[in-house]
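2 protein chains.
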Amino acid sequence: MGSQALAIVAGTGRLPELLANAATKMGRKVVLVCFNGYQPEWRTDQPLIEGVFEKPGNLFKSLHKAGCTEIVFAGYILRPRINPLKFDMKMVSLAAKLLPKLKMGDGATLDAVKAVFEGEGLNIIGAHELLSDLLAPSGTITKAKPSEDDLNDLKRAQEITAHLGNADVGQGAVVAQGLCLGLESIQGTDAMLDFVAQTSDNYRPDDKAGQGVLLKAPKAGQDWRIDLPTIGPQTIEKAATARLSGVAVQAQSVLILDPEETVEIANKHGLFIHCFEVEG
Amino acid sequence: MGSQALAIVAGTGRLPELLANAATKMGRKVVLVCFNGYQPEWRTDQPLIEGVFEKPGNLFKSLHKAGCTEIVFAGYILRPRINPLKFDMKMVSLAAKLLPKLKMGDGATLDAVKAVFEGEGLNIIGAHELLSDLLAPSGTITKAKPSEDDLNDLKRAQEITAHLGNADVGQGAVVAQGLCLGLESIQGTDAMLDFVAQTSDNYRPDDKAGQGVLLKAPKAGQDWRIDLPTIGPQTIEKAATARLSGVAVQAQSVLILDPEETVEIANKHGLFIHCFEVEG
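For the record, the sequence lines run as chains E and L. According to numbering that gives the first Met the number 0, the residues represented by the first sequence are 0 to 279, in order. According to numbering that gives the first Met the number 0, the residues represented by the second sequence are 0 to 279, in order.
It should be emphasised that the hints constitute simulated quantities derived from the structure, not laboratory data. Do not rely on the hints blindly, as some may be mistaken.
[To be verified] Listed next, the stretches of chain L that the computed footprint assigns to chain E, with coverage defined by at least 3 CB atoms under 8 Å from CB atoms of chain E:
1) 19–25
2) 63–73
3) 119–129
[Said to hold, decoys possible] Pairs of lysine-lysine, DSS-like flavour, derived with a Cα cap of 25 Å:
4) K207(L) x K54(E)
5) K207(E) x K54(L)
6) K100(E) x K54(L)
7) K207(L) x K207(E)
Given the structure is predicted, the values throughout are model-derived calculations rather than measurements. Ideal Cβ positions, reconstructed from N, Cα and C, are used throughout, including at glycine.
Just need the whole structure built from these sequences, with the hints factored in.
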């Protein structure tokens, strides 16, 4: 990690702000890159470069001019509608390779985007390298602990997400009493939890057994530098509204944004947060 | 297929009624079996046996007494809360093998249930054997045809459901412009389409490209006799509300309930219904 300016490609969620604050605290100059006309509300005085998907040449010129040698991706960015009439020369040269990837899974898309930035001499670093304090520790970090039923549900969820990962889809699932109540698609974890919240309790027939576990873990083989799963206070609130027993995340592989508040909210609702180690 | 009485285990949806009508038309005596206190509204004069999960011994006695040698499963039945205090002797003998399966995927559960009925000398037949007229034909059966974009989305959906099937989850997915907008969990296709209907159009950035394909197909290795995927008028209405381009089903492997009405509704909304052949 150099002391040069750091570019933060800022999507939705709390992660970009946390990164900007952490980098600034380290004494680094921060440049924000925002696509799709997105204007972060939290920005104070960092310079902002407006990214236009059709004009990556302009973006690279601005990044080099600002002295950026490193770049970090943070938060979700909606895939754009691309207008070929607006392409700059750089995009013309990239289009044949890049555009087909945008219609594939998240992993394939991000790999392609990554290669483009690296080709420009920009070093991609992971959010977890700047925010290593926020990586999930090991063990159960709440007052509530997972029951044996919950651990069985977690095991089933791991089985399911392993297969989903092979299809390059999602990083999460909800399982209750062995039944899969939710599978993460492009809309993300919050949308999946809203869906589960609308599910009839008839799908959880035994009110004494586990009421459901949300699993979050990176896809196997996923490049952590660019799409690390995160949870935070809102995840827990939504898990509570979905009447789940708790949330399980892979230790050292998922960021917990605002960890104190996240644990506090889980304790208030009686949910567990269990950070499991992956064997082997 | 004998001429003996046919037992229909009736769950939700239109399938049990269609089966009862078809069997009656063939001159067969029909006995309905209903679990969970479910009372079909469409029933006219078929005898009804109330199934109680804890007392399969009673059920088998009733089925034998009614002269049933064949049984067909139709429609979704919620998994019950099981009370061990109510077990009859038959259930006591089955419990150790059967109960753990109820917390596994659909396929594993149904295989276990199937083995129990077959062990009692009941021959399980598939809904499609009585309703072969309703099996999806080959080709596009609507005025609208899938575009090349739609066929690409179908291909991606097939890839995803193949992986989901390996996890013994779901029989369906929605893909638009290469992005997965929905994955079928235990709540079924209608719930998934309701979820997609709530999805922002920002996830379908190109309004000239495909707006999404619902794929329905049996899981690989699935026993068709017991859990054949179905679509019908309601599926198409919900696909239209979810602003999809159309619906793709595996030819000869999915039942289309009320096929004329289903096609008519698709034509009204400009959706395609494409019945694809599986290669190899």
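Hint-by-hint comparison with the structure:
1. 19–25: This one is violated; 0 residues, fewer than the three required, reach chain E with a Cβ under 8 Å.
2. 63–73: violated (count 0)
3. 119–129: Answer violated; 0 residues pass the 8 Å Cβ test.
4. K207(L) x K54(E): holds, 22 Å
5. K207(E) x K54(L): holds, 22 Å
6. K100(E) x K54(L): violated, 55 Å
7. K207(L) x K207(E): Violated: K207(L) and K207(E) sit about 50 Å apart, past 25 Å.
Of the numbered hints listed earlier, those contradicted by the structure are 1, 2, 3, 6 and 7.
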